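Line order of the protein sequences matches chains F and X.
Position in the first sequence (first residue = 1) + 9 = our numbering.
Position in the second sequence (first residue = 1) + 9 = our numbering.
Worth double-checking, as some hints may not be accurate.
As the list claims (entries may be wrong) - The list that follows gives simulated cross-link-like pairs (lysine-lysine, BS3-like), each with its CA atoms no further than 30 Å apart:
id : chain 1 : residue 1 : chain 2 : residue 2
1  : F       : K114      : F       : K141
2  : F       : K218      : X       : K91
3  : X       : K33       : F       : K238
4  : F       : K238      : X       : K219
Simulated from the structure, these hints should not be mistaken for laboratory data.
None of the values given here were measured: they were computed from a predicted structure.
Number of protein chains: 2
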Amino acid sequence: MQYLIIKNAIAEQIENGMLEPGHKLPSERVLADAFSTTRITLREALNYLALSGKVYKEERRGWFVSQEALIFNPAQELDILKVCKKYNRSYKTELIDSKRILAPKMVADTLNLPPFSYVVMYSRLIIIEGRKVAVQYQYLPEALFPSLATMDNDIDVISLLKEQYLLHCPSLRVKVGVFPATEGESAVLNISSGSMLMDIHQSAINNNKKGYLLQVIRCCHDVIEIEIK
Amino acid sequence: MQYLIIKNAIAEQIENGMLEPGHKLPSERVLADAFSTTRITLREALNYLALSGKVYKEERRGWFVSQEALIFNPAQELDILKVCKKYNRSYKTELIDSKRILAPKMVADTLNLPPFSYVVMYSRLIIIEGRKVAVQYQYLPEALFPSLATMDNDIDVISLLKEQYLLHCPSLRVKVGVFPATEGESAVLNISSGSMLMDIHQSAINNNKKGYLLQVIRCCHDVIEIEIK
DNA sequence: GAGTGGTCTAGACCACTGT
DNA sequence: CAGTGGTCTAGACCACTCC
């Protein structure tokens, strides 16, 4: 199988440090020529390489060498940017949207909200080392955070929680899966529609079974490794 | 984009119950004809559909409709077959291999073993509803289970642990990721080389920091959803 | 042995990116 | 505007599965 040979050849170049994290690979046509094959076969090799987390693709921009994965413990940590800091990675977030909505079923179920509850939702784009790597959604029940309903601006949800609630919360409930990107996520992350994202749900529930935060992180799978201790 | 239209059309058939879990889809050539396209484009649609966990492929056998995912809590449960029982799914395991080996670095690190420790390793194939869905590896330090070294046969590791150790273990340490199948795994699972598998590491460490089990489950990603409470 | 999926060729056109 | 990736066509041959 030619595509496996090509995949391994490129993987070796990366492991030997010939291609540094973040760098762009030569264009598909150049690589196809170099391996005396067609673009279809070459793309097959790159797609498999991407599954292994060694390279990633940005829509219409090309293929890039992945950084080493960040190890993240979603049962104890809400703030993924803190992990970036630990790894000395540059990072940035951008507010995509914030709004007050009727709690969707998934949110209401997770946070044990009564019917017709409103939640405030923030969605943010997470950018690490200049790469758009994840979308983060935070849902806060309006009943517990009445002041939020009147705020349009970005706020630091995690600090807010720490002040008000987090001390009473022994640990987070976590759900992890792998699901394809929605249209919207593909657009903001610059990835092809339907690519696979790692899906991390973290919910903070107090001892009275009241949920005060659901955070959903949808992240390119080569970026994060999950470890729960 | 034609392939997205095809993907959605097939997804709709599944959601409407026209295609039942476990059933085989028509052949690629038939489907390509039905959508007036080429096999390449049709395969692209199916590949994306597979990412979303709605269908899966068996090597050279065809495409099948996925079952609903099992929800599994790896922080509290070692035995995935118990979960099958809960969901009323038929299941079976087959011993692939059992041997005594020098602990690989990953195992020694996880279980805090001294250099040159031996471990006993069992690998098993997990079959649910007739489908080969996962490979399970169990590593037990020989020092803690001296009787195992002389045994060739299959044993129920989980029962053994429960008897000897598990009562002292408050919870398991878990690591989750997404990694491609190795050659060997592809072969036993009947999936294409390099397809994506969900990777679940569970380690049982006692209060003296002695590790007495590392279990690694490598599972088709449409089969399991992970939930940690 | 017929049919299937796995792999590959050799092109093509379009929309978009980067300069 | 040149070059890139995204998508698609219309074939082909092989190895394997299933009957």
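How the hints compare with the structure:
Between F/K114 and F/K141 the alpha-carbon distance is near 28 Å, which keeps this suggested pair within the 30 Å criterion. As the CA atoms of F/K218 and X/K91 are separated by approximately 27 Å, the hinted pair is consistent with the 30 Å bound. At roughly 40 Å between alpha-carbon atoms, X/K33 and F/K238 are farther apart than 30 Å, so this suggested pair is violated. Distance hint between F/K238 and X/K219 is fulfilled; the C-alpha atoms sit about 15 Å from each other, no more than 30 Å.
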